[in-house]
Amino acid sequence: MATVQVSEAEKVYILHGIRDDLRVDGRGCEDYRHMEIETDVVSNTDGSAKVTLGHTAVLVGIKAEIGKPRPMVPNEGYLEFFVDCSANATPEFEGRGGEELGTELSNTLYRVFNNKHSLDLRSLCISPGEHCWVLYVDVLLLQCDGNLYDAMSVAIKAALFNTKIPRVNISSDDEGGKEIELSDDPFDCMRLDVENVPCIVTLCKVGHRHVVDATLQEKACSVASLLISVTHKGAVTCARKVGGGSLDPESVFEMTEAGKRVGKALHAPLMALLRQEESLGMKRHKVGFLG
Amino acid sequence: MPTDTKRVRGPEVSQSPVLFGCRPAAVLPSHGPRADGRQRDQADVRPVFVRCGLVSQANGSAYMEAGSTKLMCCVYGPRETERKDETDMKCGRLTTDMRLAPFSCPVRGSWIQGTQDKDLSLMLYESLQPAVCLQKYPRSQIEVSVMVLENSGSVLAHAVTCASLALADAGIEMYDLVLGCSLCQDAGSYVVDPTYAEETSCGSGGGLTVAFLPSLNQISGLQSDGEMSEETLTAGVRTCIEGCYKLYPVIQQALIQALRRAAPPPSES
Amino acid sequence: MAAGFKTAEPLEYHRSFLKENCRPDGRELSEFRTTTLNIGSITTADGSALVKMGNTTIICGIKAELANPTVDAPGKGYIVPNVDLPPLCSSRFRPGPPGEQAQAASQFIADVIESSEVIETEDLCIDRGKLCWVLYCDIMCLDYDGNILDAAVVALLAALRNTQLPEVTVNKETSTPEVNFEKRHRLHIHKHPVGTSFCVFDDSVLIVDPTAEEESLSTAQLTVVTDEDDRLCSLHKPGGSSMSGEKLQECINRATARQREIQKLIEKVTHSVTTAQ
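Sequence order for the protein chains is Z, E and R. At position 241 of the first sequence the residue is numbered 241 (the UniProt record's numbering), and the sequence of numbers has no breaks. At position 216 of the second sequence the residue is numbered 216 (the UniProt record's numbering), and the sequence of numbers has no breaks. At position 158 of the third sequence the residue is numbered 158 (the UniProt record's numbering), and the sequence of numbers has no breaks.
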């Protein structure tokens, strides 16, 4: 991941600040940076969202395609994740450089969504054992300024909220064969219930405390971080230790507790914001990428 | 589809007979004693068999069996970094490669390393790296490779334990051993060190794997999936740590035994 | 002193032993390392065997799957042998796709299966033209100390002997296969091919069952595969120095003797496994 060099003096400065609950950019330990969300930014996807968090920018596009259900779960659709680390984000991603990080991020996403309640996969089923919707979730990292996981998960939630899947009708002909018909009306579409979609909160252990939404400088001072994905009810769907150091059990417990608190608080304003944007409808002022 | 010219190829599609079993697989009970007689809701780990130094070619190696989970780990190095652009003057490099043998699971796996193997390798790396004194091996790399011969559950946890044992056997300086333990959570109760069947049948709950440095009391690796409340997660971590402590004497014994064999104590005469 | 000599002049070191008709590990020129066999230890495989020849360790796991037979051979199944030399077994192998040696070994095993008729692929047919078994024979080296071909052949043979396939019936109405895992039957092994590998030192001295070091110092290598009827199934001599007909005959004679030993070993171990059950 993108890294910065931090001198010893800077490290001490950051560490002492965090000890006193005051970070370099004026935030407290459990505060996020300024976050901007815009949905429906890419017209040729079924759902999309762009999130900027500080200088971190993530674009998520969702494409719905008809596929065959997995043999083990014939009455469910499924999600496919792909994370592309654009060389625009940081020169380190050039060539095959971003590939490893991309796999790591997408594997984590599979884990985050690997439970029954995050998304109602049954609603994605068209006809059991034969057809289902496959949601291809493509994440594009446009700029890296720390805390990719959190930005990515918020963007995915927003994009899923924005996703419109066309309605289909199944008509069977005389010989028992089935035919799938897409609805002609472009506004006749199915929406996903994203209430339970979790958000990832990454907590970095810096000194004896932990901070939410670490910048690259803060990350350079931290030994290890814990990422936990939390639903609006406070259930944890994934937890992972990342980074080179180890943590003592007590701080793991503290961090999970804090992560749950922060994550839970993140959902309500996010959903309110998404609904508000939706209600604006056509009147919405589009900002786009250069805004 | 690109064809694999480097292997003997079979038919293009073949299906596992498991998919066509004439009676559905038995559903494991979600309460009462477990299929192998162990207790629920307790740090009841399977007895393990461990042995160091079996592979003649490696600098260090370990073989481990827990129930019918069988895996072995070899450590090569420290040796010169292969790729010159990755040479670090201050710090050594640790690489991990974990693979499930094609015949290790009920359904045959592929030879090509899938995302699951890559994910496991990464988890293994993150769990081991904090324990290895990499600053003592500048400009060199230490390769850890794990092969799972039979997957009967909790492979990542046992791979961590086995790999740290192999690292110790190779004489790599470490702060502490790393022990792994995992559990599966399902509807109000949990099973520690789950078997493959228990892992796949736990529906609504989730899995948790913890890597632990016992004498420093530090968690070097943690991963969970599925849905859990924060309290269950915390309780699960505690239980896994307890499970690691149960494993500790066995692993220590294996190391001492390997050391004795390598350098027999001087006779009294 | 000896250790220094060994590292500095490995060839001279070996020569000094060979002059006295023995080898650095104390073996005679035509002596095999101790061979041990463990059958059926991998329960997730349909058949498995672990072979140790000295330090060299090879495991073979067999997984059976269902497939459609080819149009050219509707009454035949498939056997798909693959040899893997993972980075785990020696520092000479890198992760990634199989290297040259692994590819050559896979091809050699495939040739042995083909030419020795160890299994008739007709036996793997379930429903002519519709359904057949595929036997994926995955052979993996866990410790590479020379002579993997011999060990691989033994592992394969023992694993095939150990393989039990579940009974399959094809449902007439839905024409889908139904598998009964409770009823299993063994494969019919027609022949018992066993390989014997030799190394030629300095174009003249012939040694059997070479270690990894001996392999790297030798001028030629040769593998002879024979079965219980003393038929020559396969002869594998990839390049190297030339060899006289007499020497070759000597090798074949040694190979037939080795075949007897190994077949006896397999019988013994298989027997002990079945009586233990």
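Please keep in mind that the hints were generated in silico from the structure rather than gathered at the bench. Careful, some of the hints might be misleading.
Lysine-lysine pairs mimicking DSS-like chemistry, simulated, CA-CA at most 27 Å apart [said to hold, decoys possible]:
| hint | chain 1 | residue 1 | chain 2 | residue 2 |
| --- | --- | --- | --- | --- |
| 1 | R | Lys183 | R | Lys172 |
| 2 | E | Lys136 | E | Lys90 |
| 3 | Z | Lys11 | Z | Lys164 |
| 4 | R | Lys130 | Z | Lys68 |
| 5 | E | Lys118 | Z | Lys63 |
| 6 | E | Lys118 | Z | Lys116 |
Evaluated hints:
Pair hint R/Lys183 plus R/Lys172 holds up; C-alpha atoms about 20 Å apart against a cutoff of 27 Å. Proximity of E/Lys136 to E/Lys90 is assessed by CA-CA distance (about 8 Å); at most 27 Å being required, the pair is judged to hold. Taking the CA atoms of Z/Lys11 and Z/Lys164, the gap is about 47 Å. The hint is violated against a cut of 27 Å. Distance check on the hinted pair: R/Lys130 and Z/Lys68 sit about 23 Å apart at the alpha-carbon level, within 27 Å; holds.
The hinted pair formed by E/Lys118 and Z/Lys63 meets the criterion: a straight-line CA distance of about 26 Å does not exceed 27 Å. The hinted pair formed by E/Lys118 and Z/Lys116 meets the criterion: a straight-line CA distance of about 24 Å does not exceed 27 Å.
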